[in-house]
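Trainee: Residue numbers (the working numbering), protein chains in the order written: chain G, 114 to 367; chain E, 59 to 419; chain Z, 19 to 311.
Rather than coming from a laboratory, the hints here were simulated on the basis of the structure. Don't be surprised by glycine CBs; every beta carbon is placed ideally from N, CA and C. Check before you lean on any hint, since a few could be wrong.
[To be verified] Taking beta-carbon pairs under 10 Å as the criterion, some of the chain Z residues facing chain E (in silico): (1) 125; (2) 141; (3) 145; (4) 147; (5) 149; (6) 150; (7) 299; (8) 303.
One-letter residues, chain by chain:
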Amino acid sequence: MSKVALKANNISIVFGGLRAVEDFSIEIKEGELVGLIGPNGAGKTTVFNMLTGVYIPTSGTIELRGVDVTKMSAHNRVKMGISRTFQNIRLFKRMSVLENVKVSSNINMNYSIFDGIFKTKKYYEQEDKATAEAMEILEVLGLSEYVNEQAQNLPYGKQRKLEIARALASHPSILCLDEPAAGMNPIETEELMETIKIVREKFNTAVLLIEHDMKLVMGICEWIKVISFGKEIATGTPDEIKNNKEVITAYLGE
Amino acid sequence: MLFKRMNKRNLVSTLVAIVALLAGCIFVQNGESLLWTKIISKILIFSIAALALNVVCGCLGEFALGHGGFLLLGYTAAVLIATFTKNMIGADFYKEFVYTTRGGLQPLGYLILTSDVLIAAVITGLFGFVVGIIALGRLKGDYLAIVTLGVSLIFVNITKNIPALGGAQGINININLGGSPLIYGIMLVVSIFLILTFMKSRFGRATLACRDDNIAAEACGVAVNKSKVLTFTFSALIAGLAGALYAHFNAFKPIEFGQDLSIELLIIVVLGGLGSLTGSIISAGIIVFYNLWFCTRSWVPEFFASNPKIIYGIILVVIMLFRSSGILGTAEFSWDWFYGLFKKLKNKLIKNKKETPKEVE
Amino acid sequence: MELFFEGLKNGLAMGSVFALMALGYSMVYGIVKMINFAHSEFITIGGFVAFFLAALFHDVLGWAYSVGMLLLCLAGAIVVCVIIAILTERFAYRPLRKKGSSRITALITAIGVSYILNGILNAINNKQLQFPTFFDNDTAFIISIVVTAALLILLTFFVKKTKVGIAMRAVSENEEAAKLMGINNNFIIALTFVIGSALAAIGVVIYLLRVPFFTFELGSSTIGLYPFVAAVIGGIGSLPGSVLGGFLIGILKEFAAVFGISAWSDVIVYGIFVIILLFKPAGLLGKDVREKV
Chain G
114 MSKVALKANN ISIVFGGLRA VEDFSIEIKE GELVGLIGPN GAGKTTVFNM
164 LTGVYIPTSG TIELRGVDVT KMSAHNRVKM GISRTFQNIR LFKRMSVLEN
214 VKVSSNINMN YSIFDGIFKT KKYYEQEDKA TAEAMEILEV LGLSEYVNEQ
264 AQNLPYGKQR KLEIARALAS HPSILCLDEP AAGMNPIETE ELMETIKIVR
314 EKFNTAVLLI EHDMKLVMGI CEWIKVISFG KEIATGTPDE IKNNKEVITA
364 YLGE
Chain E
59 MLFKRMNKRN LVSTLVAIVA LLAGCIFVQN GESLLWTKII SKILIFSIAA
109 LALNVVCGCL GEFALGHGGF LLLGYTAAVL IATFTKNMIG ADFYKEFVYT
159 TRGGLQPLGY LILTSDVLIA AVITGLFGFV VGIIALGRLK GDYLAIVTLG
209 VSLIFVNITK NIPALGGAQG INININLGGS PLIYGIMLVV SIFLILTFMK
259 SRFGRATLAC RDDNIAAEAC GVAVNKSKVL TFTFSALIAG LAGALYAHFN
309 AFKPIEFGQD LSIELLIIVV LGGLGSLTGS IISAGIIVFY NLWFCTRSWV
359 PEFFASNPKI IYGIILVVIM LFRSSGILGT AEFSWDWFYG LFKKLKNKLI
409 KNKKETPKEV E
Chain Z
19 MELFFEGLKN GLAMGSVFAL MALGYSMVYG IVKMINFAHS EFITIGGFVA
69 FFLAALFHDV LGWAYSVGML LLCLAGAIVV CVIIAILTER FAYRPLRKKG
119 SSRITALITA IGVSYILNGI LNAINNKQLQ FPTFFDNDTA FIISIVVTAA
169 LLILLTFFVK KTKVGIAMRA VSENEEAAKL MGINNNFIIA LTFVIGSALA
219 AIGVVIYLLR VPFFTFELGS STIGLYPFVA AVIGGIGSLP GSVLGGFLIG
269 ILKEFAAVFG ISAWSDVIVY GIFVIILLFK PAGLLGKDVR EKV
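Looking at chain G on its own, in the form it has when it is part of the complex (with noise of 0.2 Å):
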């Protein structure tokens, strides 16, 4: 019986008058591949919002291999086993691709500042298994060239791609990631549905995904739930949804 990576019970979210967000749950087992589809502003960023702590519910709960982090703070979360990436690229610019990678690890070290200030050995030891956890999933990725370089020097494809690396150094149990192919042309698609189904299985993740491609959507996603308006309106298999009256509906109208 495989365990839940992430369950979330009927969370709402209220914005002054409008109710984004009314009543959605999902359950994701570890290592799921699953999609999350809606037509444009149905409220898909603001579930991930949620779900990372962003946003606090205003109602409903969410669990996190089994713990209820619903109030937890978003940086808290990743602790639990959640990452993400961003809609509109979050990268730290400024910094070098392996940087970047690294930040996450920040959560499995926990030396103090006289071991960083007198480099100790317990320094070394976790900042040296950071790089090569780092390292070796920017290889994966297929970023090892760009070790160095600036972040924002980084074509836009890559670019993408070092977020997810990013994503994975904080050894999660569900990556959620948001539009990971926008912007991105066919054959560009086809290798990141190979990389996100790479990652799936090397680092043991369940995955979320936001996306508008359908295609990627429906040829790697194991299910789909799709959400309009706020409200969920269809759960299902890729053949499922394609076929789902309501669903047809809210993308293409009456």
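Based on the hints, put chains E and Z in the right spot on chain G.
Mentor: Only chains E and Z this time, still in chain G's reference frame:
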């Protein structure tokens, strides 16, 4: 430990540079020229203060306009501690064992100076912690700048109004604490060391991440508020160190630690390049040298000396309009670059040699 | 009891001056989204021009002191302030807006401009000058309150009901969209600075009516950051907020003097400033804005 991993060449070069710097300090300390002692001392102290501010503005990306206040704290604390120590031990003992007849310091004097300066720095760090906790979580951008300015003005005004802390004339006015460029030099080296190691650690990494993108940093597990407060406290500590040294350098009135000083430090940091430690030091040198040497030359029109603000204002506006990254941008001095220069020079010479035989033919 | 009313009266009078100057800061910040540090120098410039003209009319041309002369001095002050403001905006601030510079860059540039202006003023003259007395204290008090109230009402009407005012609010909400709707952003922003500096000039002249001493540190030290603090406390970007903040600070300062602790008035004012900002960053009457992820 620390030095295990350093490239041998770099390690030796660094040690040689430190020794050279300290030798220079000793030379200036025992030298005849009061003016140069003053200039070098002020450059050393202002470098430390500028480095402190750069940590917050350049590395953390948060603009603090009130570091003058932290210098004042360090300054006041140092004087209070030194005076207390003097009163405890007795003026006669001081004449015998602490000060030399020339007005310098004996070994015990150095010890006392170092101690009161370090304690003052820690006290300032504590204040920085409180200010940081209160202000950094809630305020952003220009609001943070204005609040830190306001807080520093509060410090200045409280000090001005309480005679025990100095009153309007300043606490140092009748006390000579005895200064030492050697100690200033040592403290500069210590400050650089602390900042470099801090930035290379996971704390520095978190700081840079906060600078580049607060939200992404949170999403990567960085406790952004904690990180900001930590870095701010560290910066206040170094600024307090500079302020404490300043007390040994000369006597100042509280009002001299107000807006003007904070902005002067900001100019130094911005001019040198936000995020470039080397830039801050070079820039501090330029500004102090400009004020204490250039403006006092008889061949320089009086306009420059009596109107520092116009020049400062022009510097700020010109930099912001044309090169907002400052002189050095984010570039840092490195031994690789330094020795690379020699290599380039060597290559150029070889190239020239190769060409001459052909011409002769 | 008498002291209380005396303090209240002086506080309101001083407060109205702060209010007018705060309105200037507020309008610029609300619409251009920058803290114009140089505003304090506009204040000094306005005061200097008013003084200079008064000396010119009376000492050189031999005119008698009268309301007419005062109005001419005021007009002169406004004109010069406006010109300086337009030049500053055009050559120092606009290039930054074009480049898309950060708010901090704008703030630092404003500090630079403020230093340049202060330096120039100091180079001209650094002695204390005396402004002639036009009215007695009570009349001056009434004038200050009336003018402040009138300008607040006028500005609110202007911003809410006139075409140009609405255009200003549009630019304040979303510069891109305003441009797309055919609004000339550069003009609107320049106009904002014009209004702001005019307010500064009016404010300083009213100040000089009651406190007739002028030094070149008037804007930067004597009045200093108080109007700015007033604007932020009241809610920068909010017109009634600035006026409220101005009166609050004026009263605080005067009561500090009444109780004999005016040396501490800076600590009190900045202290309250910091405290309010910590608990209500948008100010007493301001609005809160969040960043979208």
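Trainee: Now tell me, hint by hint, if it's right for this structure.
Mentor: Now for the hints, and whether the structure bears them out:
no. : hint : verdict
1   : 125  : 5 Å, holds
2   : 141  : 5 Å, holds
3   : 145  : 14 Å, violated
4   : 147  : 19 Å, violated
5   : 149  : 24 Å, violated
6   : 150  : 29 Å, violated
7   : 299  : 6 Å, holds
8   : 303  : 16 Å, violated
Hint compliance for this structure: hints 3, 4, 5, 6, 8 are broken, all remaining hints hold.
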